[in-house]
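So you can see what is in the structure, the chains are spelled out below.
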Amino acid sequence: MSIQFKSIVELRGMLDEKLISASELTQETLQLATKYQELNCFVTMNKEVATKKASGIIPSDEISSWLEGMPLAQKDLFCTKGLRTTCSSKILADFIPPYTATAVEKLEDAGAITIGKTNMDEFAMGSSNETSFFGNVHNPWKKGYVPGGSSGGSAAAVAAGIVPAATGTDTGGSIRQPAAHCGITGLKPTYGRVSRWGMIAFASSLDQAGPLARTAEDCAILLNSMSGYDLKDTTSLNSDVPDFLANINQPIDGVKIGIIKEFNLGELDSEVQARFEESKRMYEKLGAQFVEVSLPNISASVPTYYSIAPAECSSNLSRFDGVRFGHRAENADDLNDLYIKSRSEGFGDEVKRRILIGTYALSAGYYDAYYKKAQQVRRLIKNDFDHVFQSVDILMTPTSPNTAFKFGSKGTQNPVELYLEDLFTISSNLAGLPAISIPHGQVNSLPAGLQLIGNFLKEDQLLNAAHLFQKNSDFHLSQPNLEDFS
Amino acid sequence: MSWETVIGLETHVQLSTKTKLFSRASTTFGANPNTNVNLVDCGLPGVLPSINKEAFYKAIRLGMAINAQINQTSIFDRKNYFYADLPKGYQITQMDLPIVLGGSIEIFLDGATKKINITRAHLEEDAGKSIHDEYDGFSAIDLNRAGTPLLEIVSEPELSSAKEAVAYMKAMHQLVTYLDVSDGNMAQGSLRCDANVSIRKNGDKELGIRTEIKNINSFKFIEKAINFEIKRQIKVLESGEKVTQETRLYDSVKDETRPMRSKEFANDYRYFPEPDLLPVIISDEEMQKIKDTFPELPRQKELRYQKEYELSAYEAQIIASSKSIANFFESAAKKTKNYALLANWLIGEISAYLNKELMEIHESKLNPDNVSALINRIDDQTISGKIAKSIFEEMCISGSSPDKIIESKGLKQITDDDAIEKIVDEVIVKNTEQVEGYKAGKDKLFGFFVGQVMKVTQGKANPQTVNKILKEKLKK
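In order, the protein sequences belong to chains A and B.
Here the working numbering = 1-based position in the first sequence + 844.
Here the working numbering = 1-based position in the second sequence + 416.
Note that these hints are calculated values from the structure, not bench results.
Any given hint could be a false lead.
Computed, partial: chain B to chain A, Cβ under 8 Å [to be verified]:
no.	residue
1	S466
2	E470
3	A500
4	F644
5	D692
Take a look, some chain B residues computed to stay more than 12 Å from chain A by CB distance [said to hold, decoys possible]:
no.	residue
6	T451
7	S546
8	K820
9	V872
Restricting the straight-line Cα-Cα distance to at most 27 Å, the calculated cross-link-like pairs of lysine-lysine (DSS-like) are [what the hints assert, rightly or not]:
no.	chain 1	residue 1	chain 2	residue 2
10	B	K545	A	K1185
11	A	K1185	B	K636
12	A	K1076	B	K495
Don't be surprised by glycine CBs; every beta carbon is placed ideally from N, CA and C.
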């Protein structure tokens, strides 16, 4: 029985019924990864450690945890002890961390087996996975098309059925947009739900780790393990973590779903609109009520985000100076020259662009006009959400205005074109709210995603609504034809 | 033309917490390079700071002692600049909302007191240390100090001489050690300051252009550096030129200040709120706890010493001025009744010894038990004051108890009248010439007889008894 395209729930069943051993599961997963190497999902494989860990898992008749022996892929932005962690950047191409990120550690403690580290946009800066030092990742649905980004490798590995699930991080849509483009489910939790310890920071106040999987149910399983307060991350939330899986089968009769007026969905591609309308009808059939809501400041999300995120990134990336770790330029004349050469050689263009934008936004004389102003607008956007969540439970939007596009077709002349890809996803990062993307059919033979945004700490509501949708549809079950990649 | 000096000090106090401000690495001084360092201190990718509340409690204690406003909600900011010993490429500090605002500190100079207002005090992390001269062709970096908590206390520009600046730093030293905020060790850099110095014509309202002398770490250097800078600025202005606003370094070997390379301070630090840390909130309960455990301050001690131990105002002030001496005094006073003599010794012999050895009392071999025993032996006339001094010298070297020294060296005082009379008689018999001289009116010879008696008794004879008996025997 093939393990490809199986969900965690299905693989758990196979393991528990001893149809397959943890060891065999890991080996087959590693074989799939090799078979579909051309997708370029992985930057580094963890073959030896994974093989050893899997062989140590002895089948027993006792009920094991959901993740015991489960192969997972980790975005190459989570530090993994002894396993190269590059952030898909030349500057960290040889970096082997001495410690493991809390989110990964929690999954591994629950029995998950890290089989490799997935490709991504360099330092998570991009929406197409085209900024990676290790090359583009193909969208499993169409060769030569982007998988989305920045968690493009994770999304493609799940979509290709290599692993049942993978970790990702989401600063402005980096879990949800690639999930949408690859036809899988991806959840960005509430800011602070998952510890950021060991996540290489892009924009500290926006970054959040979360799962990418085949189903909402599987996302709930991962989130159960990843969540929780961490003393090592003071911004992590010290609040109760519900059992997300146990809460997943609630009816949604009377649940109020808001449609955001300011997003002008009528201007979108008619096929994208058609998908959206169909999903709306599905939820109506399930008992939800729709209302139009207004978030007056939400149209300022993209410029707000592109002031705050680069500002934080410009400071967060200062530590990559060639002094203690990472790429160090040879033949530097002095300390300053070492910085200039190491960073010029080590960072790619998009990272440099954002460091420059951020440095500018924070510099004397511009701080008030850009960074400070952006923080004020961010507060207004957050207030808008607080306000609408007094009258609705969930907000619904397409995840992305478009489906996946061809390599090199967007943003090469004008980066802003690519920044607009994040239009629907960015605001929940600014407000710190949870949001999920689920597949809801195809547009021109490529997957399209539906986004549900929830109130603060209401991941359970999102997972429940997403699960109900998946119980009543089979969009999440479609599989790409991978002939071109093997 | 006469000039007026205006000085403001930025004092960096290293807080005596066990661990660093944002990591749980140790802050012990003098460890091997890069051993008090963990992932956070190295600024590794993916690490995050976490708050050491103890540093806040210490900062608040200082704030309360200077009657400042305590911001129970304070935030951290990033100060961005590149340097090899700054691992993250930014320093976490407090800009807009520091923990302590306002307040004042009293300084004492030439018998007068002056109130100096404090602008603010904020918490920040220290950087590591670059070592440029130990490895040929390489610079080395020691991150042991990186992340050590500092409290930067900024004074208003209200000091008007180098001497006042020193008095301010002395008051600050007393305060931080008393409050157990810092060990105050200047040689190890636990207390150091930057001095902002400017001069203006007497009577001018506007401040002159200032220079900042960085990182001065002794009372002596503070005085010298500021005095040099004042003279230099006067010379500049009197020659018709302008003072350049700049950062300068004091070179103690050449006794001069020099400008630092312009590169080192031409930075735009791009301050912004630290997104890795939430605002730090100190609860009312925490504030109350700090108040409830507030240590006694020097002024309070002085008054108590006058009342409880009947010390003079002068004695009380000197003993209370140093926390370690005060603690020593109080421990020793539990085991002797002669507080006046104890105070006398602490201010006299003991202080002189410590000053000579450049030691704090807790670094010496003296302990309160032994010193109180010494006082008691003087008090009960077992030994004379003179013998006590030689016993004290021995105590300083060996650390043994005065009773043991008296015993082993046979230094017990001879107070027995008969024994002394016998010796006096012998002296008189042996020195007939001097006896005649004395009787003929050479009064000064009395000292000679005392000396002879002491010589025979090896100084152990009770001087009062010797005097009394000699006077009787030598009656004219």
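We went through each hint and held it up to the structure:
no.: 1; hint: S466; result: 5 Å, holds
no.: 2; hint: E470; result: 15 Å, violated
no.: 3; hint: A500; result: 5 Å, holds
no.: 4; hint: F644; result: 30 Å, violated
no.: 5; hint: D692; result: 5 Å, holds
no.: 6; hint: T451; result: 15 Å, holds
no.: 7; hint: S546; result: 9 Å, violated
no.: 8; hint: K820; result: 53 Å, holds
no.: 9; hint: V872; result: 75 Å, holds
no.: 10; hint: B:K545 x A:K1185; result: 23 Å, holds
no.: 11; hint: A:K1185 x B:K636; result: 44 Å, violated
no.: 12; hint: A:K1076 x B:K495; result: 22 Å, holds
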